[in-house]
Amino acid sequence: MFNRRSMLAAAAAGAMMAATPAAAQVEIQWWHAMTGANNEVVNKLAQDFNASQREFRVVPTYKGSYPDTMNAGIAAFRAGNAPHILQVFEVGTATMMAARGAIKPVFQLMAEANEPFVPSAYLPAVAGYYSTSRGEMLSFPFNSSSSVMWYNKDAFRRAGLNPDQPPKTWPEVFEAAKKLRAAGYDKCGFSSAWITWLNLEQFSLWHNVPLATRANGIDGFDTELKFNSPLHVRHLQNLIDLQKDNTFSYSGRTNTGEGRFTSGECPIFLTSSGFYGNVKANAKFDWANAPMPYYPDAPGAPQNSTLGGASLWVMGGKPAAEYRGVAKFFAFLSQTDRQAKLHTDSGYLPITQAAYEQVKASGFYRENPYLETPILQLNNKPPTENSRGLRLGNMVQMRDVWAEEIEAALAGQKSAQAALDAAVSRGNVMLRQFERTVTR
Amino acid sequence: MEKRVVFDGKLLPYALLMPQLLITIVFFYWPAAQAVWQSFFIQDAFGLTMQFVWFENYQVLFANPDYYRSMLTTLVFSCLVTFFSLSIALMFAVQADKQIKAAGAYKTFLMWPYAVAPAIAGVLWLFMFQPSLGLVAQAIRALGIDWNPQLNGGHAMTLVVMAATWKQISYNFLFFLAGLQSIPKSVIEAAAIDGARPARRFWTIIFPLLSPTTFFLLVVNIVYVFFDTFGIIDSVTGGGPAQATTTLVYKVFSDGRLGGDLGGSAAQSVILMILVIGLTAIQFRYIERKVQY
Chain A
1 MFNRRSMLAA
11 AAAGAMMAAT
21 PAAAQVEIQW
31 WHAMTGANNE
41 VVNKLAQDFN
51 ASQREFRVVP
61 TYKGSYPDTM
71 NAGIAAFRAG
81 NAPHILQVFE
91 VGTATMMAAR
101 GAIKPVFQLM
111 AEANEPFVPS
121 AYLPAVAGYY
131 STSRGEMLSF
141 PFNSSSSVMW
151 YNKDAFRRAG
161 LNPDQPPKTW
171 PEVFEAAKKL
181 RAAGYDKCGF
191 SSAWITWLNL
201 EQFSLWHNVP
211 LATRANGIDG
221 FDTELKFNSP
231 LHVRHLQNLI
241 DLQKDNTFSY
251 SGRTNTGEGR
261 FTSGECPIFL
271 TSSGFYGNVK
281 ANAKFDWANA
291 PMPYYPDAPG
301 APQNSTLGGA
311 SLWVMGGKPA
321 AEYRGVAKFF
331 AFLSQTDRQA
341 KLHTDSGYLP
351 ITQAAYEQVK
361 ASGFYRENPY
371 LETPILQLNN
381 KPPTENSRGL
391 RLGNMVQMRD
401 VWAEEIEAAL
411 AGQKSAQAAL
421 DAAVSRGNVM
431 LRQFERTVTR
Chain B
1 MEKRVVFDGK
11 LLPYALLMPQ
21 LLITIVFFYW
31 PAAQAVWQSF
41 FIQDAFGLTM
51 QFVWFENYQV
61 LFANPDYYRS
71 MLTTLVFSCL
81 VTFFSLSIAL
91 MFAVQADKQI
101 KAAGAYKTFL
111 MWPYAVAPAI
121 AGVLWLFMFQ
131 PSLGLVAQAI
141 RALGIDWNPQ
151 LNGGHAMTLV
161 VMAATWKQIS
171 YNFLFFLAGL
181 QSIPKSVIEA
191 AAIDGARPAR
201 RFWTIIFPLL
211 SPTTFFLLVV
221 NIVYVFFDTF
231 GIIDSVTGGG
241 PAQATTTLVY
251 KVFSDGRLGG
261 DLGGSAAQSV
271 ILMILVIGLT
281 AIQFRYIERK
291 VQY
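Chains A and B, in that order, are what the protein sequence lines are.
Numbered per full-length UniProt numbering, the first sequence spans residues 1 to 440.
Numbered per full-length UniProt numbering, the second sequence spans residues 1 to 293.
Since the hints were made in silico from the structure, they are not lab data.
Where is the CB? At the ideal position from N, CA and C, for every residue including glycine.
Take the hints with a grain of salt, since some may be wrong.
Simulated restraints, written as ranges between beta carbons of each label pair [claimed, not checked]:
no.	chain 1	residue 1	chain 2	residue 2	range
1	B	Val291	A	Arg100	56 to 66 Å
2	A	Arg100	B	Gly144	54 to 64 Å
3	B	Trp30	A	Gly101	22 to 32 Å
4	B	Arg69	A	Thr256	16 to 26 Å
5	A	Asn81	B	Leu275	31 to 41 Å
6	A	Asp68	B	Gln34	15 to 25 Å
7	A	Asp345	B	Ala115	34 to 44 Å
Just chain B, same shape as in the assembly (with noise of 0.2 Å):
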């Protein structure tokens, strides 16, 4: 008799599938489709009228340049908060790798933050800043610089792009430093006996090596960005002064949840969802052929 290796029928693979489906279903699929729907409603905020309204909401939206701000606004933030949150990371990552005594107290101390909820991020850091009670505020004061992130919208983008990097230094470093330990060392200290100095033995061995790390990083903190940083920005700036921290995804969260315009947000969470599977298609499609597996 032959030897089946797969199953007879339909039924049972689909079965067998089923929980699976049934979680990615009513977790993801149905709170999107959701959104999509909810984004062709003017309602009030109690949810006692309704009006189906097709595309206004998302026609208001385009005609607002306040919107065409705060995508600015979202591209400059999310590109300062990638590139420091994995820059930094990557050198620390570096450092505790090295044969250094304590190591292990090292790594667990700079994977503590992560465990910081956003908002409490947040609050620290604007305790810290805060312009007339803040002590690094005040140091900053004393170096005779007008340290005024209430009104200086550079300011303001300051404090949270240092907030939210800060966030996602541990989540980064901890990635980077399984990926360099899974570098065979053999490799490295060949290339130290051919007389490579370390920098180059960085650059041409250790970082491409590192590559599908990175990529991998680059994805999940650009989505970090876009997604999850709404409660540092909240208690930091609160989106001011005059809109200067208010990213895309911030605006969805005041205007749906502190606004009650649950239409407008629910357009505004459709295309930050488009935007964010382009972004991370356009990624895969482009940015994956230079990784090296």
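Chain A with its partners taken away, still in its complex shape (with noise of 0.2 Å):
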């Protein structure tokens, strides 16, 4: 229904080329859910392509958080009227990977329009997350970004702790954040935004356990959560034990706690390396990030962290002169030298080796080492089966469902072990959903 009347577009949009054939641009929709100053970096790269040439012009809009945007995107291919790109998180990557006849493969994008593309070009860790296991790049990405551990300089200061070595290791941020919280931080020790991504999934891979078999799902969807080991466990009583004096404070599901940080009621904080812009604008204080702390008995920790951020979907059934355009646009982001003041300026990773390799011989990351630290964490080994990267259906829910249990676990009302095996549990049953709704 929506191929045949986006062809009839196509038809008609055409006939209009035809007959004007100076004046008429293609448009190119772009919807994104960057806001802030995040929000003119997408503007702003805008406007530089369509000054670039004359034949495409992109139109960025901003359709609300990221699940927003992705609903968005959703609702509005099914009403026949996807835009061209939609950055979607990296929470729903396999959703749009299953959804085969709603998408068009970045790769195949690329070759029909003749565009120079190769997938090893991009930094191995971002390339890996968003290709197929025969390493056909599905969507481009756009804006990555991995976890750390910001913390506050100052707070360390008065806490008699060394500013300049931050805790390695989960038991030495324990004894900090008590420190921390002797020394006046009394409301909160340490903190973490995005509660699973950071206490479940980062942690798994960074720790070489697993979070779901068959490669935390990247070797197919018939996947089972495996979240509830004795060092899962063991992490969530910590943090139950430590939330009765404040020493660890739970801050929500989402990000919407890192505001802690910036006004420095948390001098400990564990969010994604993309926080960089705000700290920079906001915090008063002297700041530094360092890479995620481990358990040092852990076997192999730490092992290497995963993405997380977005990338961008080019949506199917579009005729093949605005796939043009999109290709056009998708090479002029990968430019190194674009791509390298994108990373300068956003604080998301660089996605290409090149534009890496430039900030890096510049001298950038003597000056600022904490934009290093996600790409550190990254490359610190070579993956394993447990950390490739994570590819779980239904993953927007099933983050809700994982976080009501560890809220009732730091609520009290269950032991970590049993929270972990509810989640674990009522996860799968949204996994076996999901893989009756792709296979066919």
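Take the two lone chains, each set in its own frame, and fit them into one complex as the hints suggest.
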């Protein structure tokens, strides 16, 4: 239905273009979820691209939060007028990949438009996340991040801790948080945004323990959750115990609690490296970041972390002329100078190897080491079966269920073991349901 | 010739009714039927695959202990919101009905909150009660109460009940005020002359005469709590912590819109629809008997 309609629209557009060849610009709709400084980055990119040539015009539209943008894209697709480019957060990757008929794989798009595209030019951790097991890149990496530990250096000095030697392991973090609490940060020694992303997902990869079977879902949708292992239970139990005297203080499921770091309330805060812009603009104290903590007795820890952030998906069923514009835009985004600037401006990762090398060679990281932390962490060790990434269906909904169980444990209604067991079994039901909808 | 008061044939009356019927069918029955139809399918978010599964969505729902929990949550939530929004509005209306200076301005101010969108109302309350930033939250903490709606289900419930109540008071106030003003003053004056004190006058004369209004508001408020409050819950607590504020309608919203599970969500809305129809029928059957028109 939508195919026929968009073909008609394409025919009409073609006829119009034939009538007025010079004036007609092909519009490329780009729906995204970037706010604040990052929204300006998006608008600037579109402006620069539009100024660089006359054939196409990229029109960026802010569509709300990550889940809102994804839902808006899905609803628009069902109604037959999806945008060309849809920014989808990493959590939606499996859903998008499974929707074969709804998307246009990026490797195919670039090949058809004869635009240069070499997957090996992209950072392996980035390219791997959005590629099939055969190495075909399905979506275009845009704003990639990883999780890091931000800390308040002034607070460290006040508590008699060495601001240049941040805690490396979880036991060290707990000790530091207790000292910080004693030094006046009594509402919150340390905290974490994205409770499940950092304390279940990244936690599993960083410690080389499975989050789920089948390489965390990358090798197939017939996967089962595994994060009720003794190590996971031990970590949650620690959080429960430390929550009692505010050494750890829960900050909600998303990143709404990040303000507790910039306001100075929580001196240690685990969240995305993409928090950089906000810290730089709002924190009125000396700050830095460090890699995620780990349990030193866990074999292989620390392994490597995985990506967060979002990528650009190309929606299916559009005419070839419009796809040519999308491909040109992606080629424009991949240019080394542009990626290097995007990286140093926004704090998101450089997506190409060349851009990373260029920023490194310029000596930028000596002044700004916190922008390299997530890259080093992603490349810390070669990924294993347990740390290549994760790709689970129904992930948006599943994260809520996991967070619910963690909240119940933190509120003292359930033991750590019972909460994680329940999160695993409730999650497995959702995975089975997802499997049913995609395998046909 | 005989004077006719009914139309000839069947065609004309139906033709005259047609616009009304069409609107009802297109905007009410068709979506409702769609929901019933969709509840028999399992489909992916994009609608690319659809599988007819009979009643499986319902079976899954009734096998899920969380669903019963969210029924209980809804019961608590709706009783609290209905009770508080009706009683507080009645109190305000009785006060506004008295002969006071600037009564007009007073009434206008009381009606304003109704113009605020539910999501914005939610955000307003969230800002006031956010544990580390909110002004009211800091005051509560200063009193020595460990206010934490992010982890304490009771606190979260208190917060959404307050926000939903606040939102509905204006509407109830408006109807109560109109109801009060339609009560003949002579009746109340007669009672006053007979020596009845204000409280007695209120409970034996005014309140019974207000019963049609109260009954109407009861029905409207229950429908409001069941269907209109997900915006508030979404912005204040997101259904959390640990599902403490996941009401039935919020579950429909989060499973369908956020989770992309349209079949399951449709099944839930069908059940919700049946529940509200049942509830309304009970109200009209039993409570309306006590109403004096």
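Hints versus structure:
1. B:Val291 / A:Arg100: 56 to 66 Å: 59 Å, holds
2. A:Arg100 / B:Gly144: 54 to 64 Å: Since Arg100 (chain A) and Gly144 (chain B) have Cβ atoms about 58 Å apart, the given range 54 to 64 Å holds.
3. B:Trp30 / A:Gly101: 22 to 32 Å: 27 Å, holds
4. B:Arg69 / A:Thr256: 16 to 26 Å: 25 Å, holds
5. A:Asn81 / B:Leu275: 31 to 41 Å: 36 Å, holds
6. A:Asp68 / B:Gln34: 15 to 25 Å: Between Asp68 (chain A) and Gln34 (chain B), where Cβ atoms are some 23 Å apart, the hint holds.
7. A:Asp345 / B:Ala115: 34 to 44 Å: Given about 41 Å between the Cβ atoms, the range holds.
Going through the hint list in order, the structure satisfies each hint without exception.
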